Amino acid sequence: MIIDPVTLIVALITVATPVLLAAIGELVVEKSGVLNLGVEGMMIMGAVCGFIVAHETGSVAMAFVAGMGGAMALALVFAVLTQVLMANQVASGLALTLFGLGLAALLGSGYSGLPVPVASRPFPEALQAIPVAGPILFSHSVLVYVAIALVGAVWFVLARTRAGLVIRAVGENHDAAHALGYKVVRIRFATILFGGACAGLGGAFLSVVRVQNWFDGMTAGAGWIALALVVFASWKAGRVLLGAWLFGGIAALQLRLQAAEVGVPVALLDASPYLVTIIVLVIISSDRRRAALNAPAALGRAFHAAS
Amino acid sequence: MTALLAIEGLTKAYPGVVANDDVSFAIQTGEVHALLGENGAGKSTLVKMIYGLVKPDRGVMRLRGAPYAPAEPRAARAAGVAMVFQHFSLFEALNVAENIALGMENPPKPRDLAERIRKVSETYGLPLDPFRLVGDLSAGERQRVEIIRCLLQDPKLLIMDEPTSVLTPQEVEILFHTLRKLAAEGTAILYISHKLEEIRTLCDTATILRLGKKVATCTPRDVTAAHMAELMVGKSLSVPARDAHEPGAVLLKVEGLSVSAASPFGTSLRDVTLEVRAGEVLGIGGVAGNGQDELLSVLSGETPVAAGSVTLKGVALGALGPEARRGLGLLCAPEERLGHAAAPDMSLTENALLTGRGRKGLEARGFVDWSRTRGFAEAIIARFDVRTPGPGVAARALSGGNLQKFVIGREILQDPVVLVVNQPTWGVDASAAAAIRQALLDLAQGGAAVIVISQDLDELLEISDLFCALNEGRLSVPRPARGLGMEEIGLMLGGAHDMHEVAR
Numbered sequence: 001m002i003i004d005p006v007t008l009i010v011a012l013i014t015v016a017t018p019v020l021l022a023a024i025g026e027l028v029v030e031k032s033g034v035l036n037l038g039v040e041g042m043m044i045m046g047a048v049c050g051f052i053v054a055h056e057t058g059s060v061a062m063a064f065v066a067g068m069g070g071a072m073a074l075a076l077v078f079a080v081l082t083q084v085l086m087a088n089q090v091a092s093g094l095a096l097t098l099f100g101l102g103l104a105a106l107l108g109s110g111y112s113g114l115p116v117p118v119a120s121r122p123f124p125e126a127l128q129a130i131p132v133a134g135p136i137l138f139s140h141s142v143l144v145y146v147a148i149a150l151v152g153a154v155w156f157v158l159a160r161t162r163a164g165l166v167i168r169a170v171g172e173n174h175d176a177a178h179a180l181g182y183k184v185v186r187i188r189f190a191t192i193l194f195g196g197a198c199a200g201l202g203g204a205f206l207s208v209v210r211v212q213n214w215f216d217g218m219t220a221g222a223g224w225i226a227l228a229l230v231v232f233a234s235w236k237a238g239r240v241l242l243g244a245w246l247f248g249g250i251a252a253l254q255l256r257l258q259a260a261e262v263g264v265p266v267a268l269l270d271a272s273p274y275l276v277t278i279i280v281l282v283i284i285s286s287d288r289r290r291a292a293l294n295a296p297a298a299l300g301r302a303f304h305a306a307s
Numbered sequence: 308m309t310a311l312l313a314i315e316g317l318t319k320a321y322p323g324v325v326a327n328d329d330v331s332f333a334i335q336t337g338e339v340h341a342l343l344g345e346n347g348a349g350k351s352t353l354v355k356m357i358y359g360l361v362k363p364d365r366g367v368m369r370l371r372g373a374p375y376a377p378a379e380p381r382a383a384r385a386a387g388v389a390m391v392f393q394h395f396s397l398f399e400a401l402n403v404a405e406n407i408a409l410g411m412e413n414p415p416k417p418r419d420l421a422e423r424i425r426k427v428s429e430t431y432g433l434p435l436d437p438f439r440l441v442g443d444l445s446a447g448e449r450q451r452v453e454i455i456r457c458l459l460q461d462p463k464l465l466i467m468d469e470p471t472s473v474l475t476p477q478e479v480e481i482l483f484h485t486l487r488k489l490a491a492e493g494t495a496i497l498y499i500s501h502k503l504e505e506i507r508t509l510c511d512t513a514t515i516l517r518l519g520k521k522v523a524t525c526t527p528r529d530v531t532a533a534h535m536a537e538l539m540v541g542k543s544l545s546v547p548a549r550d551a552h553e554p555g556a557v558l559l560k561v562e563g564l565s566v567s568a569a570s571p572f573g574t575s576l577r578d579v580t581l582e583v584r585a586g587e588v589l590g591i592g593g594v595a596g597n598g599q600d601e602l603l604s605v606l607s608g609e610t611p612v613a614a615g616s617v618t619l620k621g622v623a624l625g626a627l628g629p630e631a632r633r634g635l636g637l638l639c640a641p642e643e644r645l646g647h648a649a650a651p652d653m654s655l656t657e658n659a660l661l662t663g664r665g666r667k668g669l670e671a672r673g674f675v676d677w678s679r680t681r682g683f684a685e686a687i688i689a690r691f692d693v694r695t696p697g698p699g700v701a702a703r704a705l706s707g708g709n710l711q712k713f714v715i716g717r718e719i720l721q722d723p724v725v726l727v728v729n730q731p732t733w734g735v736d737a738s739a740a741a742a743i744r745q746a747l748l749d750l751a752q753g754g755a756a757v758i759v760i761s762q763d764l765d766e767l768l769e770i771s772d773l774f775c776a777l778n779e780g781r782l783s784v785p786r787p788a789r790g791l792g793m794e795e796i797g798l799m800l801g802g803a804h805d806m807h808e809v810a811r
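Protein sequences appear in the order of chains A and B.
Counting along the first sequence from 1, when you hit position 47 you're at 47 in the working numbering, and nothing is skipped either side.
If you want the working numbering, it's the 1-based position in the second sequence plus 307.
Just to be clear, a hint being listed does not mean it is correct.
Far from chain B, by Cβ distances over 12 Å, these chain A residues were calculated [unchecked claim]:
(1) 58
(2) 73
(3) 109
(4) 146
(5) 150
(6) 152
(7) 166
(8) 170
(9) 178
(10) 180
(11) 182
(12) 263
(13) 283
(14) 294
Below, a list of computed lysine-lysine pairs in the DSSO-like style, where the Cα atoms sit at most 27 Å apart [stated by the list, open to error]:
(15) B:667 with B:620
(16) B:426 with A:183
(17) B:488 with B:463
(18) B:362 with B:488
(19) A:183 with B:502
(20) B:488 with B:502
(21) B:520 with A:183
(22) B:362 with B:426
(23) A:183 with A:236
(24) B:560 with B:520
(25) A:236 with B:416
Calculated from the structure, these hints are not laboratory results.
Since the model is a prediction, treat every value here as computed from it, not as a measurement.
Beta carbons: idealized from backbone N, C-alpha and C, even for Gly.
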């Protein structure tokens with residue numbers, strides 16, 4: 001049984017990308033004080049919309065746009081429900097996931113197994129041919145680099161810019177932010193839609209680039225793992241990246257172990273990425289006082305503007 | 308000379324209540340103008356209109372003669388109106404500079420901003436480190452953050468909503484010094500408070516509101532505090548009274564108690580020792596965030612501790628939970644009415660059941676006896692003059708003062724051996740506060756021990772037999788409350804630990 005570390009790393013980056021995209025979007029949503037449990041639903045909407053458009057138009061770029069659009073439409077429903085109609089965020093988010101899974105199955109019926117175009121890779125063959133570094137650094141599709149850049153961008157915006165400061169302020173204490181004249185509902189609408197776009201992009205990557213196929217329930221809990229990543233990463237962008245790669249790494253590794261037929265039950269291997277990721281992140285963020293410091297204090301609480 | 312801000316016929320009605328009815332007054336440049344009134348008199352609504360948070364139904368405002376109708380706080384700030392809120396509008400997880408930047412239209416770069424914060428804080432004698440986390444600051448320091456945030460805007464009118472309610476006497480002195488300096492430089496200050504003596508020392512003019520209407524304008528220095536109180540309330544108030552008596556046996560004893568804080572901005576209790584005797588009222592003073600909530604949760608049983616560190620009549624109950632302690636006679640009424648002392652969306656009957664089920668026998672074999680429970684709720688309502696249509700009303704629907712009377716009454720009617728209350732009259736108007744204090748005194752008169760945790764020093768001096776101060780989780784040695792001066796109390800609150808030796 002020989003597992004090639006280079007192909008393993010290449011695989012882990014690919015496997016991690018959908019989760020990473022969804023998680024970084026949800027991180028921004030939660031930093032603004034909104035808990036959207038509908039990530040799984042938005043991801044699968046992104047996956048099905050992306051796949052359909054990729055098949056019909058033959059354009060991967062259009063597929064990504066469609067994936068974002070499909071998930072953002074679902075996110076908009078959530079935003080209206082929770083921010084305008086003041087519905088409970090937890091219940092709305094769960095409903096969103098169920099709705100998204102069902103709607104995606106409906107839209108995608110008949111598309112299973114149809115061909116989609118292959119995503120282009122931005123770097124020339126010569127670079128990819130470099131031993132070790134070539135495949136690891138230069139062999140991926142564009143979206144992988146976009147996802148990593150997005151982590152950096154989200155960190156920078158949240159930590160260093162005024163827009164990020166306002167988002168954090170709204171998530172920390174929406175009443176105070178309102179008293180200072182910030183548009184809490186408007187800001188949260190924007191972050192919820194951003195979170196939807198990210199989740200949709202992750203879903204489209206999954207169906208169009210990674211699996212290159214569509215089947216029901218193909219996200220298989222990736223949206224839930226993204227949600228868990230955000231919490232256990234203590235709302236820190238860098239840790240979300242680490243967690244996503246850890247998840248991807250174990251997922252890629254356990255597939256190879258299954259293929260090598262090691263004497264571990266398949267069910268346990270299947271579950272291992274979820275288990276290991278959560279255990280490791282729980283240990284990292286075990287200092288509860290520090291974790292609470294980073295948690296948005298207004299997370300999940302409905303905002304009523306007191307006039 | 309035109310007034311800086313002239314208010315004419317301002318009216319604002321909410322469904323079922325007229326918050327402001329035809330209010331007119333004027334504030335001059337460089338004047339410290341007090342806005343006085345009980346809770347619900349319409350002070351907050353009035354300043355919210357000036358600050359652009361609420362739109363008036365009728366009436367006009369003029370700023371230096373020009374029409375002034377801010378659509379939002381941003382517009383008010385641009386016009387030179389700044390406001391320091393009663394409940395600080397600060398973000399605990401952000402640092403001082405970030406908090407200040409959020410309140411500015413065009414904040415400079417972080418480094419320049421930090422420099423300006425340092426400069427302004429030195430000019431006005433308000434020391435503050437721009438990079439500290441607001442969650443780690445004391446209430447007085449937090450207020451400085453708010454004030455400096457306002458001062459950086461170079462305001463013409465500074466609105467302060469009950470600024471001294473959380474400050475030590477020394478911090479109040481510093482604040483007044485700053486405000487006088489600002490007024491001398493030409494900034495007008497609209498000062499909202501119901502602390503009459505403070506207004507008499509600080510303010511040039513006072514406008515008094517009652518039930519949304521302006522009832523009087525006066526010069527505070529020329530009238531007595533009692534006169535202003537009568538204008539506010541519309542009747543004269545009685546001071547709580549009771550007969551002198553000798554304290555009885557020690558009922559509750561806490562020894563060498565140390566508990567580390569449960570939340571990042573909590574306070575750890577350090578080696579707290581106290582005892583109360585039958586018939587005694589122990590007042591625990593201290594600025595918010597010095598361990599009051601933690602002390603209450605240790606006494607109530609929400610935070611279990613070593614069994615022997617809390618004893619009631621010699622019975623060790625430190626490890627017991629709240630219900631078991633209630634059974635033994637140790638009852639508590641926490642500070643936060645909605646969500647801690649009472650469940651907001653449950654009816655008064657249900658809330659009566661929550662703490663009274665054991666002592667009042669409101670349940671049998673796991674079934675609730677609703678008729679007895681309703682009877683208990685009705686008894687509380689009748690005995691403590693809770694203004695409500697009936698016991699079926701949700702706790703949330705009651706005004707702060709009425710709910711507080713209900714919550715305290717609920718515990719008192721259970722005949723506690725020891726009652727612990729935290730901030731019993733916080734946000735409660737003067738007449739309800741007097742009723743609550745009298746009820747606590749009557750309870751002590753009847754042989755129970757009462758511990759009152761409060762930030763209102765006047766209240767503590769009025770009802771306590773013994774006074775001690777809680778500072779950074781440490782409890783000072785108790786001293787007889789009678790004859791204790793503000794100066795000494797200020798030192799106790801400020802944490803002069805060597806005072807312990809003097810006290811002994």
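Status of each hint after checking the structure:
1. 58: 48 Å, holds
2. 73: Non-interface label on residue 73 of chain A holds, nearest chain B Cβ at 31 Å vs cutoff 12 Å.
3. 109: Check passes; 44 Å lies beyond 12 Å.
4. 146: Holds: least Cβ distance 29 Å, greater than 12 Å.
5. 150: 24 Å, holds
6. 152: About 20 Å separates residue 152 of chain A from the closest Cβ of chain B, which puts it past 12 Å; holds.
7. 166: The claim is violated: residue 166 of chain A sits with its nearest Cβ about 7 Å from chain B, within 12 Å.
8. 170: 9 Å, violated
9. 178: 8 Å, violated
10. 180: It is violated; residue 180 of chain A is separated from chain B by about 5 Å at its closest Cβ, not greater than 12 Å.
11. 182: Its Cβ does come within 12 Å of chain B, the nearest being 8 Å, so this is violated.
12. 263: 46 Å, holds
13. 283: 19 Å, holds
14. 294: 7 Å, violated
15. B:667 with B:620: Holds - the C-alpha atoms of residue 620 of chain B and residue 667 of chain B are around 21 Å apart, at most 27 Å.
16. B:426 with A:183: Violated: residue 426 of chain B and residue 183 of chain A sit about 31 Å apart, past 27 Å.
17. B:488 with B:463: 14 Å, holds
18. B:362 with B:488: 32 Å, violated
19. A:183 with B:502: 34 Å, violated
20. B:488 with B:502: 21 Å, holds
21. B:520 with A:183: 32 Å, violated
22. B:362 with B:426: At roughly 36 Å apart (the allowed maximum being 27 Å), residue 426 of chain B and residue 362 of chain B break the hint.
23. A:183 with A:236: 25 Å, holds
24. B:560 with B:520: Between residue 560 of chain B and residue 520 of chain B the Cα gap is close to 49 Å, so the pair fails against 27 Å, i.e. violated.
25. A:236 with B:416: Roughly 24 Å between the alpha carbons, so the hint for residue 236 of chain A and residue 416 of chain B holds.
When the structure is compared with the earlier hints, violations turn up for hints 7, 8, 9, 10, 11, 14, 16, 18, 19, 21, 22 and 24 and for no others.
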